[in-house]
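> Sequence:
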Amino acid sequence: MGVKRIRGLDDGDSAGLNLGQFEWAPLSVGEGKIVSREAALEALVAGMDDGAFVTGQTSLMITPGHYDFKCSDHLVTNFHAPDSTLMLLVSAYVGSGFTIKEIYEDAQEKGFKFLSYGDVCLFSRPGGRSVTYM
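With the working numbering, the residue at position 20 of the sequence shown is 21, and numbering never jumps.
Worth double-checking, as some hints may not be accurate.
[As the list claims (entries may be wrong)] Listed next, the in silico SDA-like pairs over lysine to any residue satisfying Cα-Cα at most 20 Å (straight line):
#, residue 1, residue 2
1, Lys111, Val77
2, Lys114, Leu76
3, Lys71, Asp120
4, Lys102, Thr78
5, Lys114, Thr86
6, Lys114, Ala82
7, Lys71, Ala41
8, Lys71, Thr59
9, Lys114, Ser85
Just so you know, the hints here were simulated from the structure itself, not pulled from any lab data.
Construct the entire structure; sequences and hints are all you get.
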């Protein structure tokens, strides 16, 4: 969304901060320059409303092998239901170091609780390197 704002594709207001399912790929590069994550985040902050919020919509489907996390070194989440789309997000974040099945089997062996009122899990990938979890 910050890249859309920099490129003037947001109509100058929060109503234009909409991101389609596949828009992230072509917007991050193009027009002869790459927009850094810092510049994209600064553009969002500069356009915050009086309540210090950035609002917008996205229909991104983050799935394993198709999305490269650029702004997050850590993900805090609970253990989701196996058929949840949130599992796709976690699987994409974890990448190839572990399979989500291995992580969930480990959690079951340790007696962790699942779903909304269950235990929390921290996935960490500092600098985009391999994932550790606790």
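> Run every hint past the structure and note whether it holds.
Structure-based check of each hint:
1. Lys111 to Val77: 18 Å, holds
2. Lys114 to Leu76: 18 Å, holds
3. Lys71 to Asp120: 26 Å, violated
4. Lys102 to Thr78: Judged against 20 Å, a Cα distance of about 16 Å means the pair holds.
5. Lys114 to Thr86: 19 Å, holds
6. Lys114 to Ala82: With a Cα-Cα distance of about 11 Å, the restraint between Lys114 and Ala82 holds, given a limit of 20 Å.
7. Lys71 to Ala41: Status holds; Cα separation ~11 Å.
8. Lys71 to Thr59: The given pair, whose Cα atoms are some 17 Å apart, holds under the 20 Å limit.
9. Lys114 to Ser85: 16 Å, holds
Of the numbered hints given earlier, the model fails hint 3 alone.
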